[in-house]
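Participant: Chains as they are written, first to last, in my numbering: chain F, 141 to 357; chain L, 4 to 81.
It is worth saying that the hints were derived from the structure and are not from the lab. For every residue, glycine included, the Cβ atom is placed at its ideal position computed from N, Cα and C. Mixed in with the good hints, there may be bad ones.
Below, in silico cross-link-like pairs of lysine to any residue (SDA-like), each with a Cα-Cα straight-line distance of 20 Å or less [to be verified]:
1. F/Lys251 <-> L/Gln23
2. F/Lys253 <-> L/Asn20
3. F/Lys253 <-> F/Arg304
4. F/Lys251 <-> L/Ile26
5. F/Lys156 <-> L/Asn20
Simulated DEER-style distance windows between Cβ atoms [what the hints assert, rightly or not]:
6. L/Gly72 <-> F/Asp153: 47 to 53 Å
7. F/Glu210 <-> L/Thr42: 23 to 29 Å
8. L/Gly72 <-> F/Arg194: 35 to 41 Å
9. F/Arg194 <-> L/Lys70: 48 to 54 Å
10. L/Val76 <-> F/Ala160: 32 to 38 Å
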Amino acid sequence: MKVIEAEGRTADDAKKKALAELGIRDASVVNIEVMDAGKSGIFGFGVSRPAKVRIYYNENNEDVGDKVKELLTGLLEKMGIDGQIQDLKEGEAKVYVELVSSSSGLIIGKKGKTLEALQFMINLMINNTTGSEKKIILDIESYREKREKILRKMSRDLAHKVIRSGRPLTLEPMNPFERRLIHLTLQNDRRVTTKSEGQGIYRKIKISPAGKSSGKR
Amino acid sequence: MNYSELVGYMVKALVDNPEQVEIREIEGEKSTILELKVTKEDIGKVIGKHGRIARAIRTIINASAAKTGKRVVLEILD
Numbered sequence: 141m142k143v144i145e146a147e148g149r150t151a152d153d154a155k156k157k158a159l160a161e162l163g164i165r166d167a168s169v170v171n172i173e174v175m176d177a178g179k180s181g182i183f184g185f186g187v188s189r190p191a192k193v194r195i196y197y198n199e200n201n202e203d204v205g206d207k208v209k210e211l212l213t214g215l216l217e218k219m220g221i222d223g224q225i226q227d228l229k230e231g232e233a234k235v236y237v238e239l240v241s242s243s244s245g246l247i248i249g250k251k252g253k254t255l256e257a258l259q260f261m262i263n264l265m266i267n268n269t270t271g272s273e274k275k276i277i278l279d280i281e282s283y284r285e286k287r288e289k290i291l292r293k294m295s296r297d298l299a300h301k302v303i304r305s306g307r308p309l310t311l312e313p314m315n316p317f318e319r320r321l322i323h324l325t326l327q328n329d330r331r332v333t334t335k336s337e338g339q340g341i342y343r344k345i346k347i348s349p350a351g352k353s354s355g356k357r
Numbered sequence: 004m005n006y007s008e009l010v011g012y013m014v015k016a017l018v019d020n021p022e023q024v025e026i027r028e029i030e031g032e033k034s035t036i037l038e039l040k041v042t043k044e045d046i047g048k049v050i051g052k053h054g055r056i057a058r059a060i061r062t063i064i065n066a067s068a069a070k071t072g073k074r075v076v077l078e079i080l081d
């Protein structure tokens, strides 16, 4: 529970200020107590006193899960794509959402691009409307697990290729999570080294034969 | 498909001034252009660092438009 106080010309003003400070738009998630309605002097004469409010705000807002449900179903509906929430697990720092859909391919997109975008978007929307900093993870038909397996296998296959040919290979651009997975998969293989190159969304992994990329033999 | 509604749904949850979000839909034969206008203070909230948010919005629009075979272009006006 967090308590903040704010002052303003009127009680409404003070309320708005406090909510803006917390980064919350939906006033229904907090308890507002008007401590002093304030007093404004007529035409600038007389005694004027600012209004004061106190806001009680529950940081571990329990209905983050409900809000995720609402916003996500709404988003899929507006996209015109069939999709339901099959399972939602809410933890201390994360909300895990499993979707089902008759057109899961559309929700996943090429190399998971759409799923990534949806996850990013729902995180922003939730963060901005509820102030919750919980990380929301979207999955559909265990896509993430499958992708992980594929990436592990692919990186091992490519490592073999590098060892056989003695030449480095550069992979396609990947997100930080996927790059990390590949670094981890190959970190115990002494015959190769992995390195990330490039900037931002173009950052990709280079697998090199051990000893060659670093220049020391 | 109502793309303005889709974009509005996302953008209004991201900005500080949702009542000042304007979206104009210009329908062409092969493509639809969406013009998005938000307040100056909110423009960063729809573009994001290195255009990350704008890219996510576009990806979501494209997924939604995939079935129709039409191209939908999002333009952010300033």
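Participant: Taking the CB of glutamate 210 of chain F and the CB of threonine 42 of chain L, does the distance hold inside 23 to 29 Å?
Facilitator: holds (26 Å)
Participant: Is it true that the CA of lysine 156 of chain F sits at most 20 Å from the CA of asparagine 20 of chain L?
Facilitator: holds (13 Å)
Participant: Is the Cα-Cα distance between lysine 251 of chain F and isoleucine 26 of chain L 20 Å or less?
Facilitator: This hinted pair is violated, its Cα atoms lying about 30 Å apart.
Participant: Just tell me: holds or violated, for the beta carbon distance of glycine 72 of chain L and arginine 194 of chain F against 35 to 41 Å?
Facilitator: With a Cβ separation near 56 Å, glycine 72 of chain L and arginine 194 of chain F fall outside 35 to 41 Å, so the hint is violated.
Participant: Holds or violated: 48 to 54 Å for the Cβ distance of arginine 194 of chain F and lysine 70 of chain L?
Facilitator: holds (51 Å)
Participant: Would the hint linking lysine 253 of chain F and arginine 304 of chain F be met if the CA-CA limit is 20 Å?
Facilitator: violated (32 Å)
Participant: Using the C-beta atoms of glycine 72 of chain L and aspartate 153 of chain F, is the stated range 47 to 53 Å upheld?
Facilitator: Cβ of glycine 72 of chain L to Cβ of aspartate 153 of chain F: about 51 Å, so the range 47 to 53 Å holds.
Participant: Could you grab the alpha-carbon distance between lysine 253 of chain F and asparagine 20 of chain L and see if it respects the 20 Å cut-off?
Facilitator: violated (29 Å)
Participant: For the range 32 to 38 Å, tell me whether the beta carbons of valine 76 of chain L and alanine 160 of chain F fit it or not.
Facilitator: With Cβ atoms ~33 Å apart, the hint holds.
Participant: With a cut-off of 20 Å on the C-alpha distance, tell me whether lysine 251 of chain F and glutamine 23 of chain L pass.
Facilitator: violated (35 Å)
Checked against the numbered hints above, the structure violates hints 1, 2, 3, 4 and 8; every other hint is satisfied.
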